[in-house]
Amino acid sequence: MTSADATIASKARPLPAWKRLLLSEYLVLILTVVYFAVMMFVVPEIATADTLLDVLSAMMPLLVVAIGQTFVLIVAGIDLSAPSIIAMASVVGASVMTGDAGYANGSGLEVIAGILAFLAVGSVIGLFNGTCVTRFNMPPFIVTLTTMMFFSGAAIWYTTVHTDASSIGNLPRSFIEIGQGRVAGLPLSLAVVLVVAGAAHFILSRTVYGRWLYAVGLNPKAAAVSGVPVRKVIFWAFVISGVCAAISSVLYTGRLETGTPVLGQRILLDVIGAAVIGGVSLFGGKGKILWTIFGVLFLTVIDKSLQLMGLPIASVFAIKGSIILAAAIIDAQRHRLLVSR
Amino acid sequence: MSGFRGKFSLLVLQNAPLLLFAVLVIVFGLMSDRFLTPINFVNIVNQASHIAIIAIGMTFVLLIAGIDLSVGANMYLSAAILGVFLVGMPPLVAFPVVALLGLAFGAVNAFMITQLRVAAFITTLATLFIGRGIALYFSGNKMVPFSKSVLAFGRATYLGVPSAIWVFAIVLIIALVVLKLTTFGRQVYAIGADPDAAAKAGINVKRVVFTVYCICGVCAAVGGLVSGSQVAVASSTFGFQKEFPVIAAAVLGGTSLFGGRGGVLGTVFGAVLIQTVENGLVMTNANPYIYPLVISVIIFIAVFTDSSRTTVLERLERRKIRVEPD
Amino acid sequence: MKITRRDFTVGALLAAGTMGLPIMVKAEGTKTVALLFDSLVSPFWVSGIEIMRAKAKENGWETLENISDFDDNKQFEQVKAMIGRKVDGILIIQTDSKAVIPAIRAANEAGIPMVHFNRPPAESDAYSVAIQADNRKIMADTVQFLVDEAKKMGGKYKACLLIGDLGDVNAIQRRDGFFDVVDKNTDIIEVVARVSTEWNADKAFAGLTNALQANPDINFLVTSSDFMHPQIEQVLQTANKWFKRGEEGHVLFAGFDGDEGAYARLKDGYLDACGVQNLFLEVDMAFQAFKDMWDGKKPEKLLLDPGFVITQANLAEKQDEMWGYTVWKKQNG
Amino acid sequence: MTAPVSPLQAAPEADQPLLKIEGLCKSFFGVEVLHKVGFSLKAGRVLGLVGENGSGKSTTMNIIGGVHQKDAGQIQFDGVDYKPKGPRDAARQGIAFIHQELNLFRNLSIAENLFITEFPKLVPGLPFIDRAAARKRAAELLAAVDLDLSPSTLVNKLSQGERQLVEIAKALGAKAKVIIFDEPTTSLTTRETERLFDIINRLRAQGIAIIYISHILDDVMRICDDIVVLRDGHVVGSALKSDMTIERMISLMVGRSIDQLFPPRDYSAPKGEPVLEVSGVTQRGTVKDITFTVRAGEVLGISGLMGAGRSELARILFGIDPYSSGEIKVSGVPVVAPTPTVCMDHGMAFLTEDRRVEGLMMEAPIDNNIALSSLQKYAGGLGGFIDHGRLDGDVQKMSASVQISAKDIARTLVKNLSGGNQQKVVIGKWLLREPKIFILDEPTRGIDVGAKNEVYKIINSLAARGACILMISSEIEELVGMCDRIMVMAHGEIRATFDRGGFNREDILRAAMWDGNRSTAA
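Protein chains in written order, with the numbering used here: chain X, 1 to 341; chain Y, 1 to 326; chain V, 1 to 333; chain L, 1 to 522.
Careful: at least some of the hints might be erroneous.
As the list claims (entries may be wrong) - Chain V residues, not near chain X, derived (Cβ > 10 Å throughout): (1) G60; (2) K151; (3) K184; (4) E233; (5) L236; (6) F308.
As the list claims (entries may be wrong) - Computed footprint of chain X on chain V; a stretch qualifies when at least three of its residues, placed anywhere within it, have a C-beta under 8 Å from a C-beta of chain X: (7) 71 to 80; (8) 168 to 178; (9) 313 to 319.
Unchecked claim - Here are the simulated lysine to aspartate or glutamate pairs, DMTMM-like style, with alpha carbons at most 25 Å apart: (10) V:K244 with V:D141; (11) L:K457 with L:D394; (12) L:K85 with L:D71; (13) X:K232 with L:D345; (14) Y:K200 with L:D354; (15) X:K232 with L:D387; (16) Y:K206 with L:E363.
Hints were generated in silico from the structure; no laboratory data involved. We treat Cβ as the ideally placed atom computed from N, Cα and C, and that holds for glycine.
Work out the full structure: start from the sequences and follow the hints.
Written as structure tokens, this is what we have:
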């Protein structure tokens, strides 16, 4: 492109309203609202306070994983192992806390020990992913694919070692409260998520590390020459993703009162899908926590509306796929507009 | 880095997947006397064929730096249409028909990706859901049976070789010829290396990309039918999450996810390697809980050595300015 | 911008198309029951939901459906959504017996009766009714029949068990039922292969093929679910081991569930025995439980379907109770 | 304003022009980029097309090469109206375009690259490639460009110059009558450049017409027969080479005469303390026994051919690549375990030779690029939060002081800037750190004359402030114009050092041409 083209580009005329809408970073939020409004005629129950609260509490654990994923996506990585981290952390954490021969049972510190176990599993797996990607130059897709396979299997295996049953229950009440409790009518998990999302937002927008993440995602070579510790930045992105998955595992395990080795196994595509629909790029360098929140909200509202309608699974799959595709097509058109601008 | 040690480690690294394969064969062979038999080897290849066929199609997609997550859904949808609407076809008719169905599925992906410019990952993620939904609708969640003649074909052997291996061999030969001996095949590699340069060089990039996704669709459907002729019915989990072993097979075989590097022979090797491990674990009567653990560790080792090899090669091939006297 | 607008229209149409869904209207006075399954992978579940739909219609009830796809958390969400829709009863098939407890509590709080179909929940203070086949006992009875057959014929047996998903209670109970009997008869039966199928036809096929490769002399085969019959037949045929009872080389073969494939193979003489879950009875029990709870009664927390073993000997007399027979009859005119 | 020189007269030769362009106009988004551009090209002649970035050279060539469509005007090719539908159509009709960034596929062989769109077929009508025929044809084409390599060699293994020759072979293979070269020599070694010129001369002799685009005006004067100068989409000069001088070209290009391309600096001013001391730095296969010192306020030039180890030395100094022995000291303090971060802490800055690959985040706005290296300076407090107010203010000031022309530095993406402005962004990024030592690798590559001048001014003011500057350049003229001292490298070694008084083009070139292997053997 010549400099002449650039000058022209900056002289573009003001855009018509529909184009401005299409280019707005609130597009996904607007789509969600439109969808919600349409759904009010199909299932009026969607507009009750209870359902809205359900949407909110359903969003929370998914959102935490998606936030972790956002970090990895920004550095042009991908973390397929998040669901297996959720499962592994769930059974390990539960095995520490459970009243049925838990390792820390009766010590009085079981909840703290349990939560530490969750976080330890998340950070260790994240650490491993990060090391493989940064030290051994392995592609993130494959590293996390193998860790996903490994820990999905390992979670089941671990459960069989610990118990005859297929899951670990009898968890301390105070732990369960984290996932289920309400404060002033709002889910307690909301507080946890607000802290995580707030911290993530500030890291990305206000700290040096945040700026480095984007730089690494946009051009790792230039970032390295500019004094960005590229390997460290990528490494920590994977650790953050692992820890976020572990936190989400705490919320999931708490709300189900059970450590189960199949927890979260089906949410991988939802997590990545939510981030991408929100506008996070799979090629790195682009993403915001706010966008991820919109993406998760969008998918959760769709899910909730489909649940309320109680349709056969064939329709659920077809509708969900079509909506994701429609959102992606709209997004592709938006990109075309952005490029041609 | 002394010359000899460098060369030796390079030699080891370059043949790492083969060495790994050899080690596995020896270990399993020592643990079970039924493992190292010709019949068992045929058995392994037979069971690997459907994954290998689909992975061959996936290799084309990976070579242009794309991805297709919808292969499993494609398998199921093609099989469901065949089983529900086109009952009782003999294999000679069923294969072309299923290939056309797969082609149509692939063409939908291709249209989204090339014409509407939606990212391949998200397109095929969406068609995964949609395809599965439509297939479930057609099948009413019931198991879709394949016709008697297709099942007979699934059991048949020709010249002592199971039918699945024949289909697999035919697909492999066609893929090899297409990739190595046609302009299209070379252009696939060119686009994988640099799509912008390919466009400037006058390659019709959209057409090649479109064709590649169609090929992947055809392979997915044909692989589905091969698998179906063996397992006799397509239940509602038919092809579910097949995309993972398929991608793993291609990557194990040295195909890069970033395009331009790899080939179908490697992919076939990867598929057979994975199946060898599964087979060996059964032969040695291992605890079923540890299957996924062992398989993932082996894939990890293979990819790890491949990455190390690339790193070493890059270091060795770094441009020399001075010729140093030894 | 012509192209962009056209493409945008395509996208908008797609989105609009998906929204053109039938508007659900609930008639006044009728009962609505939610059917929450975790999957529809086997004929057992497919027939189950079809029988439920039909019987609900007979009662004049509306049904809503949700499939959780083995995701406990999603199922919890689905329960909450059904509470949001103010249904009159929730029939649930959970994946995990413990993870369902919060869902029961939520239903209790909303005052909506909940019935667990085929899989009971773990012990808890929450109240719900579970209908369950006596998996372990039915499987034990079935395997006992097979062992008795073996004793009659004499000789030693190499056994293979196709196990279900290792995360599923039913699979575990059936496995335990199998070993309850086999462990007592180690003198004639040696278990040489346990194939982990993860309730997946593919894996069952490959696993059984490999098992036969490793132990070509397997002659005692038990599957934890009938839906894997087609794969078993295919593998045994390939290995040239598919013979009727009484023929040379017949493999002693027992199944579980009682689906249409099992009936057909029993009738044809390939299958020796099948542990049948009485699906009709279970649905009736479940719906009766709803009616009782609506009337303010409190049925027992666990209601057992005793099931039965069907064999060549009692086929004619018992086939009408076998749900697979009804399906088979419909399919075969 | 200099008046345009008279257009080429209807040539003394009687033959018709091969390519005739008249009144070519092109607008993007309503802004005119080309205004009635016209010139003609005869078979067997080389036409040099010069102009600053944005003057319309690329657009003109893209229209001829089929990348863009013209709005108005006429192109006649071989006597008939020429309207290519796309790059492939243009190539079919006999116009080959060799882009600055070579369009070769590194994972394919030479032969495959030559025939990637039109392989010889085994059976006509069927898609199967005749590999033997392809190799044979490829060998012939390679012989025609003097490239002594097997056609099945992977392009990955070729040097930049060899790749250029493969591109030319490709053009010959397509039976091109017109070959367009866009900046062909920027990444070639001197020897490779000589070889390229030999081939161009041979092509000319064979009657092929050539359009040669370059910023290196020396080369244009050497190789071209006719010269056309563009400015702001207008043809402002077109003449035979004999009627043209470099000075005239420059003044036509910029629309004013630059009396001094190289702004003056007080070279006699006393230099300060030694800042960068390098002693005995050696790395097997790259550089050997490099020893030199740079003082505060000094500009040290590093000359040498491509592949002499200049960039490699710079990368070692900045901690990107390792070295096995020797010592680097900054202001007397040894640099231990150098990485870019460590070197930056010692006050170093490094402008890389390829700004697209290693210098910039092309998809990010200007301000983020400028801020990238200095973020830590603006972070503080408990969470390490960035003080955006202070940072944005300083970035804004920096952007103004290096004169980046863009409306909104927080919105304009770097990829939309011209080469010169991009380079200023990289420079701004480093100046924000106030470096003591600034290593510049080819700071003016691929940027136009006006921007070059501005870069030189920045360098001078830096030196005047007491920074020490290491300037690597392939253009000896530039080093002579800017430096206090020039160090010449060849084969990874320092061959000679010249002081400002003793600058001499021939001596510098001779030192650079030293053949290391022969001398070591001797």
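These are the hints, each one checked on the structure:
{"no.": "1", "hint": "G60", "verdict": "18 Å, holds"}
{"no.": "2", "hint": "K151", "verdict": "30 Å, holds"}
{"no.": "3", "hint": "K184", "verdict": "20 Å, holds"}
{"no.": "4", "hint": "E233", "verdict": "28 Å, holds"}
{"no.": "5", "hint": "L236", "verdict": "29 Å, holds"}
{"no.": "6", "hint": "F308", "verdict": "27 Å, holds"}
{"no.": "7", "hint": "71 to 80", "verdict": "holds (count 8)"}
{"no.": "8", "hint": "168 to 178", "verdict": "holds (count 3)"}
{"no.": "9", "hint": "313 to 319", "verdict": "violated (count 0)"}
{"no.": "10", "hint": "V:K244 with V:D141", "verdict": "22 Å, holds"}
{"no.": "11", "hint": "L:K457 with L:D394", "verdict": "20 Å, holds"}
{"no.": "12", "hint": "L:K85 with L:D71", "verdict": "14 Å, holds"}
{"no.": "13", "hint": "X:K232 with L:D345", "verdict": "18 Å, holds"}
{"no.": "14", "hint": "Y:K200 with L:D354", "verdict": "21 Å, holds"}
{"no.": "15", "hint": "X:K232 with L:D387", "verdict": "23 Å, holds"}
{"no.": "16", "hint": "Y:K206 with L:E363", "verdict": "24 Å, holds"}
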